[in-house]
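Trainee: Now for the letters of each chain:
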Amino acid sequence: MSMLLTVDRLESFYGPSQILHGVSLAVRPGEQVALIGRNGMGKTTLLRSLMGLVPRVQGTIDLNGSSIRGSKPEAISLAGVAFVPEGRGVFGSLSVIENLVMASRAGRNGKRSWTLDRVLSVFPRLAQRRGNGGHQLSGGEQQMLTIGRALMTNPEIILIDEATEGLAPLVADEIWKTLAVIRGEGIATIVVDKDIKNLSKVADRMVVMSKGGIEFDGTPADLLAQPELLERHLGLH
Amino acid sequence: MQPLSTRTHIALLAAVVAAAILPALVPDYYVQFAAKVLILGTLAMALNLAVGFGGLVSLCHAAFFGLAGYALVLAAPEYDEPSLLLTLPLAVGATVLVALVVGVLSLRTRGVYFIMVTLAFGEMLFFLFHDTPIGGGSDGLFLYVKPVLAFGETILLDLGNPVTFYLVSLAAAAGTWWLIRHLLSTPFGDALTAARDNERRALALGIPVFRVRLIAFVLSAALAGLAGYLSAAQFGFVAPQMLGWHLSATALVMVVLGGTRRVAGPLAGALVVTGLEEVLKYFIDDWKLVYGLIVIALVLLAPGGLQDVARLTGLGRRAGTPALKLKEANNVG
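First to last, the protein sequences are chains A and B.
Numbering-wise (the working numbering), the first sequence opens with residue 1 and increments by one.
Numbering-wise (the working numbering), the second sequence opens with residue 1 and increments by one.
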């Protein structure tokens, strides 16, 4: 099967500081990839680089065989990549419905699998809060809204940064269920989170980052079978 | 943008009816004053589309206002009635073309740089008319005959008639309010607001922020041009001061006083600013000093604009309470 996203020897810079040192990664259509690692290892920078939000990158980023390296974020979004940033990023002045509708568009195949009704059925809490302003939502509701907004663009791949950080366990459970729904829909994801247990349930592959590079890339079972790797790079015993 | 409640619809209808019958109730002077408020209110509402909803603090909207006024006077036959149907599209069209150029160049900048670039373009247009013979230099130009809307030999609208002029100004202000409100209720309006809230996130969602802002800026300029056309038609005179940054700043004061988050807020701001000027001039010699102090006090005490004043004085809507706001919001389908 051809790759949806191919990243080869990616190097990213913030000013004179190099953050990513030759990252190579490939994602198949519909594949769920978990990106893990300690803080400051380059996970967020990798997602931001893929989204065109890091001004200086070198290497290769191909989406469906076409280069998107150096493209503007809006062009990358239109090419089928959706981004759920850390800290959510709902538009506080807009209502829940407006936040969702403004992002609505058909996917690259011309289909609108994700409609407003469908997103609201996946997130009934958002349906209850439909008229509330973005700034009137709890952290969990904001995360649901941001994921729902990403789905409204009918993407081929969603990049989710810190999927459940700071959320109450019950709300986090809803997010994990949603990721399972997304998986069932055949939408590829790269998810950053610290909850290895839940990540290993929803992910096809686990990628461990360390010091701006990739230390491990394999199945959840392979990773869990290497306790020394978990301890060294994630501090887990 | 939330849909209007039935109560607000009724209040709006009552306000429009009251405004429409005003000429029958008050002397001509007040009718002309009301027309002036409506024109400046139209300018302020147009500016607020860029400032309040687009986050683009422009200091060149007076230039668009004045440009349309000059376009009317320059296009009008000297001693014959200019056609409203010809001169209005010409004036607004000229404004749109200039706004397109200004927008394409200035919207590449952000924040204070955008303010400075728009100020620079505004001043360029001011000096174009001030220092060249195009528009009579610093003396300005006169419009001897007011525009008319005629069908054959029949005159349907004569802007030389103060009551007709007032009603046309009222229609322009109401139309501007409706258009901006309608625009903000569309996905385009949501995209404009989203770009104001967080440009990067909007870009990451695939919103063409530059294009959205350019359209809003040009539309805002076109509406400012409509106001400028009417202003030139009302006073029969245009001068470079119409394009100067002083008027842009005054319109900005109207926007801030009226409140940037409501479409009609700047119209109320125009009423306060123009009314204050009118009253203070009559009673006080150094009226600008008192005017300035009042504006400073209003901005300090009611940073949310006149709706804050209304709420503080108990005249505001009950919707000002957070609980009711939530209830109303949840009723929106």
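Calculated directly from the structure, the hints in this document are not laboratory data.
Honestly, I wouldn't trust all of these hints.
[To be verified] Facing chain B, a subset of chain A residues (Cβ under 10 angstroms, in silico):
{"#": "1", "residue": "Gln-18"}
{"#": "2", "residue": "Pro-73"}
{"#": "3", "residue": "Ile-76"}
{"#": "4", "residue": "Val-171"}
[Stated by the list, open to error] Partner residues aside, some chain A positions facing chain B, computed with beta carbon under 8 angstroms:
{"#": "5", "residue": "Met-51"}
{"#": "6", "residue": "Leu-53"}
{"#": "7", "residue": "Val-54"}
{"#": "8", "residue": "Ser-71"}
{"#": "9", "residue": "Phe-83"}
{"#": "10", "residue": "Glu-86"}
{"#": "11", "residue": "Gly-89"}
{"#": "12", "residue": "Gly-92"}
{"#": "13", "residue": "Ser-93"}
{"#": "14", "residue": "Leu-94"}
{"#": "15", "residue": "Ala-103"}
{"#": "16", "residue": "Arg-149"}
{"#": "17", "residue": "Phe-216"}
{"#": "18", "residue": "Thr-219"}
[Said to hold, decoys possible] In silico lysine to any residue, SDA-like type, Cα no more than 25 angstroms apart, as pairs:
{"#": "19", "chain 1": "A", "residue 1": "Lys-72", "chain 2": "B", "residue 2": "Ala-302"}
{"#": "20", "chain 1": "A", "residue 1": "Lys-72", "chain 2": "B", "residue 2": "Lys-146"}
{"#": "21", "chain 1": "A", "residue 1": "Lys-111", "chain 2": "B", "residue 2": "Ala-172"}
{"#": "22", "chain 1": "A", "residue 1": "Lys-72", "chain 2": "B", "residue 2": "Arg-200"}
{"#": "23", "chain 1": "B", "residue 1": "Lys-146", "chain 2": "B", "residue 2": "Met-116"}
{"#": "24", "chain 1": "A", "residue 1": "Lys-72", "chain 2": "B", "residue 2": "Leu-100"}
{"#": "25", "chain 1": "A", "residue 1": "Lys-72", "chain 2": "B", "residue 2": "Ala-172"}
{"#": "26", "chain 1": "A", "residue 1": "Lys-72", "chain 2": "B", "residue 2": "Tyr-113"}
{"#": "27", "chain 1": "A", "residue 1": "Lys-177", "chain 2": "B", "residue 2": "Arg-200"}
Idealized CB from N, CA, C, for every residue including glycine.
Trainee: List in ascending order the numbers of the hints, as given earlier, that are violated by the structure.
Mentor: Going through the list in order, the structure violates hints 1, 4, 7, 8, 10, 17, 18, 19, 20, 21, 23, 25 and 27 and respects the others.
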